[in-house]
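Q: Numbering (the numbering used here), first residue to last: 1 to 335.
Honestly, the hints are just simulated from the structure, not real lab data. Hints are not guaranteed to be accurate.
Stated by the list, open to error - Keeping only pairs whose Cα atoms sit at most 25 angstroms apart, straight-line, the calculated SDA-like set for lysine to any residue is:
id: 1; residue 1: Lys260; residue 2: Val236
id: 2; residue 1: Lys260; residue 2: Phe39
id: 3; residue 1: Lys260; residue 2: Phe316
id: 4; residue 1: Lys260; residue 2: Ser233
id: 5; residue 1: Lys260; residue 2: Phe184
id: 6; residue 1: Lys260; residue 2: Ile279
id: 7; residue 1: Lys260; residue 2: Pro238
id: 8; residue 1: Lys260; residue 2: Ile240
id: 9; residue 1: Lys260; residue 2: Pro54
id: 10; residue 1: Lys260; residue 2: Phe55
id: 11; residue 1: Lys260; residue 2: Gly287
id: 12; residue 1: Lys260; residue 2: Leu58
id: 13; residue 1: Lys260; residue 2: Ile221
What the hints assert, rightly or not - Each pair of labels, with its calculated beta carbon distance range:
id: 14; residue 1: Ile240; residue 2: Asn288; range: 25 to 33 angstroms
id: 15; residue 1: Phe259; residue 2: Leu115; range: 34 to 42 angstroms
id: 16; residue 1: Ile251; residue 2: Arg206; range: 19 to 27 angstroms
id: 17; residue 1: Asn288; residue 2: Met88; range: 25 to 33 angstroms
id: 18; residue 1: Leu179; residue 2: Phe259; range: 22 to 30 angstroms
id: 19; residue 1: Ile240; residue 2: Phe66; range: 24 to 32 angstroms
Glycine included, every Cβ here is placed at the ideal spot set by N, Cα and C.
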Amino acid sequence: MFANNSISMKIKGLLILSYLLLFHGEIVANAPLHFSQQFAMPMQLNPAFAGTKPFARLSFGYRTQFFPGLDAFQSAHFSIDNYTASTMGGLGLQVVRDVQANLLQTNHIGGIYSLHLQLTHNLFMNLGLEAAILNKSLNWNNLIFADQFNLLTGEILPINEPIIESSLWVPNFATGVLLFNERFFGGLAIHNLNRPNISFHGTPVRMPLHYKFHVGTTISIGQTTRRNRPDESFFVAPNIIFHLRGVYRMINYGLHAGFKNASAGIWIRQDFRLPETIIFLIALDTGNLRISYSYDHSLSSLYGLNQGAHEVGIRFSFFTDNKKPRENIINCRGF
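Taking the hints into account, I'd like the entire structure generated from these sequences.
A: Shown next, in the form of structure tokens:
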């Protein structure tokens, strides 16, 4: 029927994705955008992370994932945050862009404030809030439905489905709490507090609440320094992150270890049953600049439909020569 098998595969993929986007919007709403290097983009994980370093932090991340018969799924993240004494906390801005197979585009622009509190001599708490604008756009020209497809000629006919909206703008809010001391940190974030409606076809489709729970530590291995503090030249940093969003469940767990400026790590991403993805990470951190790369390798039975994902993270730090850094700084080498 088709002279080119790749064209046939692409049409099949577009038919499936078009059907899910238009008639099963709850599936799209329940499937969250995620980056593998979540601690390299901490404010997307939890708004309470804003201003947790003694310097201004500018971060950029890019992720691309390939599926047979479809255009790439691409995501990009930009953020900047800093601690300001006048606000007794951190201020941040983040922009997230996600494009799924050149069909569905999502843009997120959010401003963040995190209040920093000292509970005891060695225990601190941050309370974060994000106010954002969410934009979703659907490219109707690239959608293909079954009634458009001529089985005899392979011709694609004009769309007959009712088009109600092709782009929508809605407010979206998130909040989070973060507890930490010199070595450990943990937090809880809740996204989509107002449950915005992201339907393109009239029937309401509300984004479910997205809960994120995370905990981690940095373990220094080696002798103590002259000031009786651990030598942090060699370190191991285990972390775990839980996601709960509607019917969607996910857990990420792993660690990265490093010596001086270089580090490498391995993570597992899975639902509450079987592992589905293994993530390999390498990073170089010079203090002012951190560059990281990760690769997602699928472990599921759908491996043929998921050809892996590549992700790059870059972080610039300013004013790192501060001779007297604040005491309430999270000691995590991942961000």
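Q: Against this structure, judge whether each hint is valid.
A: Okay, the hints, checked on the actual structure:
About 12 angstroms separates the Cα atoms of Lys260 and Val236, which keeps this hinted pair within 25 angstroms; it holds. Among the hinted pairs, Lys260 with Phe39 is consistent with the structure: their alpha-carbon atoms are about 19 angstroms apart, no more than 25 angstroms. Distance hint between Lys260 and Phe316 is fulfilled; the C-alpha atoms sit about 18 angstroms from each other, no more than 25 angstroms. The straight-line distance between the Cα atoms of Lys260 and Ser233 is roughly 5 angstroms, inside the 25 angstroms bound, and the hint therefore holds.
Restraint check for Lys260 and Phe184: the C-alpha separation of about 20 angstroms stays at or below 25 angstroms, so the hint holds. For the suggested pair Lys260 and Ile279, the alpha carbons sit about 22 angstroms apart, so the restraint of at most 25 angstroms is met. Only pairs whose Cα atoms come within 25 angstroms are accepted, and Lys260 paired with Pro238 is accepted, the gap being roughly 17 angstroms. With a C-alpha separation of about 23 angstroms, the suggested pairing of Lys260 with Ile240 holds against the 25 angstroms cut-off.
Among the hinted pairs, Lys260 with Pro54 is consistent with the structure: their alpha-carbon atoms are about 20 angstroms apart, no more than 25 angstroms. Taking the CA atoms of Lys260 and Phe55, the gap is about 20 angstroms. The hint holds against a cut of 25 angstroms. With a C-alpha separation of about 10 angstroms, the suggested pairing of Lys260 with Gly287 holds against the 25 angstroms cut-off. Straight-line distance between C-alpha atoms of Lys260 and Leu58 comes to about 22 angstroms, which keeps the hinted pair within the 25 angstroms bound.
Note on Lys260 and Ile221: the hinted pairing holds, with a Cα-Cα distance of about 12 angstroms set against a maximum of 25 angstroms. At about 29 angstroms, the beta-carbon gap between Ile240 and Asn288 stays in the expected band of 25 to 33 angstroms. The given range of 34 to 42 angstroms is respected by Phe259 and Leu115, whose C-beta atoms sit roughly 36 angstroms from each other. Range check, Ile251 to Arg206: about 25 angstroms between beta-carbon atoms, so the 19 to 27 angstroms window is met.
A hinted range of 25 to 33 angstroms holds for the C-beta pair Asn288 and Met88, which are about 26 angstroms apart. Leu179 and Phe259 have their C-beta atoms about 29 angstroms apart, which keeps the hinted 22 to 30 angstroms range intact. At roughly 28 angstroms, the beta-carbon separation of Ile240 and Phe66 lies within the given 24 to 32 angstroms, and the hint holds.
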